[in-house]
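Visitor: Heads up: the protein sequence lines correspond to chains A and B, in order. For any residue, its number in this note's numbering is found by taking its place in the first sequence, counting from 1, and adding 27. For any residue, its number in this note's numbering is found by taking its place in the second sequence, counting from 1, and adding 11.
Just so you know, the hints here were simulated from the structure itself, not pulled from any lab data. Fair warning: there could be bad hints in the mix.
Quick partial rundown of chain A residues pointing at chain B, CB under 10 angstroms, derived from the structure [said to hold, decoys possible]: (1) Gly39; (2) Phe64; (3) Leu67; (4) Tyr69; (5) Ile72; (6) Ser92; (7) Gln152; (8) Tyr160; (9) Ile164; (10) Arg183; (11) Leu304; (12) Val307; (13) Ile316.
Short derived list, chain A residues pointing at chain B, Cβ under 8 angstroms [unchecked claim]: (14) Leu40; (15) Val41; (16) Tyr51; (17) Ser65; (18) Ile180; (19) Met314; (20) Phe325.
A virtual CB, placed ideally from N, CA and C, is assigned to each residue, including glycine.
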Amino acid sequence: MNRMSPDKRRIGLVSDIRRNRFSYLILLPAAAYVIIFSYLSYPYIAIAFQRFDYRKSNIFQILFSGNWVGFKNFEFFFASQNASLVTYNTVYLNFLFILTGTVLAVLLALLLNELRSKWFTKISQSIMLFPNYISWIVVSYILLSLFSNEYGIVNRLMLSLGQAPKNWYTDASVWPGILVIVRLWKGAGMSAIIYLAAIAGIDSTMREAAEIDGANRFQITTRITLPLITPTIVIMTLLAIGRIMFGDFGMIYALIGDNGTLYRTTDIIDTYVFRALRQVGDPSQAMAISLFQSVIGFIMVFGSNALVRKLYPDGALY
Amino acid sequence: MQQEAVVKIKPHKKYSLANFLIALFIGAFALMCLLPMVLTVIVSFTDEGAIMRNGYSFFPEKWSAYAYKLMFQGGSSVMRGYGISLLITFVGTLIAVLITSLAAYTLANKRVEHCGKIGLFFFVPMVFNAGMVPWYLICTRLGLRNNLWALLIPNLLFNPFNLFLVRNYMSGLPDSLRESATIDGANDAVIATRIYIPLSLPVIATIGLFYGLGYWNDWWNAIMLVDNKKLFPIQYLLLQLRSQISMLRDLQYMAGAGYVTPPSESIKMATAVITIGPIVLLYPFLQRYYIKGMVVGAVKE
Chain A
28 MNRMSPDKRR
38 IGLVSDIRRN
48 RFSYLILLPA
58 AAYVIIFSYL
68 SYPYIAIAFQ
78 RFDYRKSNIF
88 QILFSGNWVG
98 FKNFEFFFAS
108 QNASLVTYNT
118 VYLNFLFILT
128 GTVLAVLLAL
138 LLNELRSKWF
148 TKISQSIMLF
158 PNYISWIVVS
168 YILLSLFSNE
178 YGIVNRLMLS
188 LGQAPKNWYT
198 DASVWPGILV
208 IVRLWKGAGM
218 SAIIYLAAIA
228 GIDSTMREAA
238 EIDGANRFQI
248 TTRITLPLIT
258 PTIVIMTLLA
268 IGRIMFGDFG
278 MIYALIGDNG
288 TLYRTTDIID
298 TYVFRALRQV
308 GDPSQAMAIS
318 LFQSVIGFIM
328 VFGSNALVRK
338 LYPDGALY
Chain B
12 MQQEAVVKIK
22 PHKKYSLANF
32 LIALFIGAFA
42 LMCLLPMVLT
52 VIVSFTDEGA
62 IMRNGYSFFP
72 EKWSAYAYKL
82 MFQGGSSVMR
92 GYGISLLITF
102 VGTLIAVLIT
112 SLAAYTLANK
122 RVEHCGKIGL
132 FFFVPMVFNA
142 GMVPWYLICT
152 RLGLRNNLWA
162 LLIPNLLFNP
172 FNLFLVRNYM
182 SGLPDSLRES
192 ATIDGANDAV
202 IATRIYIPLS
212 LPVIATIGLF
222 YGLGYWNDWW
232 NAIMLVDNKK
242 LFPIQYLLLQ
252 LRSQISMLRD
262 LQYMAGAGYV
272 TPPSESIKMA
282 TAVITIGPIV
292 LLYPFLQRYY
302 IKGMVVGAVK
312 E
């Protein structure tokens with residue numbers, strides 16, 4: 028296949044290993060890890076089409092003496108209302124996160140770029156990045172200090188304003204909004220920095236030329252800076268849309284946990300699979316739902332990447 | 012004419028209404044990021060009785076460090092969980108960084124004929140993941156259950172994304188380095204450990220922080236694979252603490268305070284606060300190396 032030059036003839040894997048013994052040796056731990064935890068996991072997908080038996084949990088038993096049931100696990104899931112609910116919640120919440128997150132991050136980046144005071148920029152950046160590093164569990168405590176029924180500062184505030192306090196942790200309808208705010212709180216700073224890096228990559232002569240032509244700051248921002256970072260915005264958004272079927276388990280489980288009254292608006296595929304596996308104890312059912320998610324997710328990821336590659340040949344991740 | 016143009020190029024005054032409004036918006040967002048955390052810290056230093064009377068408040072009626080005193084006494088489960096998290100984070104990050112940077116060297120080594128295919132081999136798991144069920148079954152099969160290995164090995168010990176981050180950095184180093192070292196008689200082992208890895212320290216610091224933060228903030232391994240309370244890392248302990256009061260009773264009992272109502276509210280928040288501790292400590296490094304990695308990973312240059 029490779030006809031570039033005669034000395035570039037392909038050599039077999041074995042002689043390659045012999046020639047680069049050390050390189051292949053130091054590759055081993057990482058390769059073994061990926062084989063064990065990723066490649067060996069693929070055959071296990073078969074249990075989505077079986078009734079799983081814990082006594083036969085080794086991969087050969089699963090493949091060769093498993094109790095095959097066809098698409099029953101899928102039928103069971105799709106026959107329940109849960110299927111559409113958790114799928115809808117996953118996609119809808121991610122859609123809200125992507126939309127609000129992108130708008131706020133781009134706005135913050137454009138404004139940070141216009142800030143004139145160095146120390147103020149530095150301090151505010153440091154502060155708005157901090158929530159990005161803390162775990163969702165710590166975030167859940169911070170949320171508790173705001174929304175707890177008895178002691179939460181929001182309810183105390185409402186009380187002092189003469190309003191009746193609200194039972195936040197039992198009202199499902201307010202949670203998409205709360206989750207969006209928490210998400211922005213935790214993530215917008217970091218995304219803003221990524222867009223800020225894109226802005227920093229813009230050729231400064233463009234801005235200077237516009238300045239000489241008499242454009243004001245607002246015009247430069249909307250007519251020069253924003254159009255020039257649009258590829259970055261589109262790429263980041265498309266890649267995020269590619270992952271729209273995958274919810275953030277850590278976020279939802281840490282903030283909602285096993286609070287069933289909030290499932291109507293907050294239960295996502297990932298938390299549902301988790302419960303099917305660990306609380307209901309039905310690996311086959313869990314695997315079926317998970318496979319449904321992985322396959323659609325895989326198509327979406329590939330589709331979004333193909334689109335990115337078509338729009339911006341240099342920007343595709345893969 | 013020329014003079015006019017010069018005047019126009021220097022248009023920005025430092026103090027203008029626009030600058031003020033921009034600073035106001037940024038400042039307001041930063042303040043909103045900060046205040047909830049400040050509240051949590053203040054609550055952790057608030058007297059329990061004051062919380063009962065007034066709720067959480069930025070201006071507590073009475074301050075108290077009792078929650079911290081309870082926590083820091085020897086043998087408390089919080090301290091134990093903290094120790095486990097520190098241990099796992101330290102050991103895990105060390106191993107993870109080692110196996111990632113070694114493998115990255117191979118991927119960046121142009122003399123390895125098959126390095127393109129090896130890259131694909133590491134890339135496939137990034138796009139297609141079989142999900143948590145096979146993962147769980149494999150872990151239990153390997154005996155990664157109810158022990159420290161279960162916290163250390165699954166999920167966190169190696170991440171292909173970090174591998175590619177280091178690989179790209181190493182590929183950017185000039186080829187002449189390898190060539191001249193080879194001429195001087197250096198073999199692969201010397202080139203990797205004396206030249207490539209030392210030169211890649213900035214990106215290795217980046218992935219070290221990625222891995223370290225991953226370990227410190229992890230509770231997935233614990234919730235999936237560990238039931239033994241004595242092995243709970245601090246994050247998982249914190250998750251349990253939200254609903255469980257029993258552990259607080261233990262604490263109180265050990266403090267020799269008898270059966271008074273435990274200071275559950277302030278101790279909850281105090282535990283959350285000490286969990287942020289290492290992050291505050293590493294913050295200057297996070298600001299420098301973590302962000303660089305995020306930016307490079309997100310926007311391909």
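Visitor: If a hint holds in the structure, say so; if it does not, say that too.
Guide: Structure-based check of each hint:
For the restraint placing glycine 39 of chain A at the interface with chain B, the shortest Cβ-Cβ distance is roughly 9 angstroms, inside the 10 angstroms limit, so the hint holds. Interface hint status for phenylalanine 64 of chain A: upheld, as the beta-carbon distance to the closest one in chain B is roughly 6 angstroms, under 10 angstroms. Hint status for leucine 67 of chain A: holds, given a least beta-carbon distance of 6 angstroms to chain B, under 10 angstroms. Contact between tyrosine 69 of chain A and chain B, as hinted, is supported at the beta carbon level, the nearest pair being about 6 angstroms apart and thus within 10 angstroms.
Annotation: interface hint on isoleucine 72 of chain A holds; nearest CB of chain B at approximately 6 angstroms, less than 10 angstroms. Taking 10 angstroms as the C-beta cut-off, the interface hint given for serine 92 of chain A is violated, the closest approach to chain B being about 16 angstroms. Annotation: glutamine 152 of chain A was flagged as interfacial toward chain B, and the flag holds, the nearest CB pair being 8 angstroms apart, inside 10 angstroms. Hint on tyrosine 160 of chain A holds. Least Cβ distance to chain B is approximately 5 angstroms, under the 10 angstroms limit.
With a least beta-carbon distance of about 5 angstroms to chain B, the hint placing isoleucine 164 of chain A at the interface is held under the 10 angstroms criterion. Given the 10 angstroms rule on beta carbons, the hint for arginine 183 of chain A holds: about 4 angstroms separates it from the nearest Cβ of chain B. The criterion of a C-beta within 10 angstroms of any C-beta in chain B is met by leucine 304 of chain A, whose closest approach is roughly 6 angstroms, and the hint holds. With its C-beta approaching chain B no nearer than about 12 angstroms, valine 307 of chain A sits outside the 10 angstroms limit, and its interface hint is violated.
Annotation: isoleucine 316 of chain A was flagged as interfacial toward chain B, and the flag holds, the nearest CB pair being 9 angstroms apart, inside 10 angstroms. Satisfaction of the interface hint for leucine 40 of chain A is found here, the shortest Cβ-Cβ separation to chain B being roughly 6 angstroms, below the 8 angstroms cut-off. Taking 8 angstroms as the C-beta contact cut-off toward chain B, the hint placing valine 41 of chain A at the interface is violated, the least distance being around 11 angstroms. A hinted interface residue such as tyrosine 51 of chain A counts as satisfied when its beta carbon comes closer than 8 angstroms to some beta carbon of chain B; here the least separation is about 7 angstroms, so the hint holds.
Nearest Cβ of chain B to the Cβ of serine 65 of chain A: about 4 angstroms, under the 8 angstroms cut. The hint holds. Residue-level restraint check for isoleucine 180 of chain A holds (minimum Cβ-Cβ distance to chain B is 5 angstroms; threshold 8 angstroms). Because the closest C-beta pair between methionine 314 of chain A and chain B is about 4 angstroms apart, less than 8 angstroms, the hint holds. The beta carbon of phenylalanine 325 of chain A comes within 6 angstroms of a beta carbon in chain B, closer than 8 angstroms, and the hint placing it at the interface holds.
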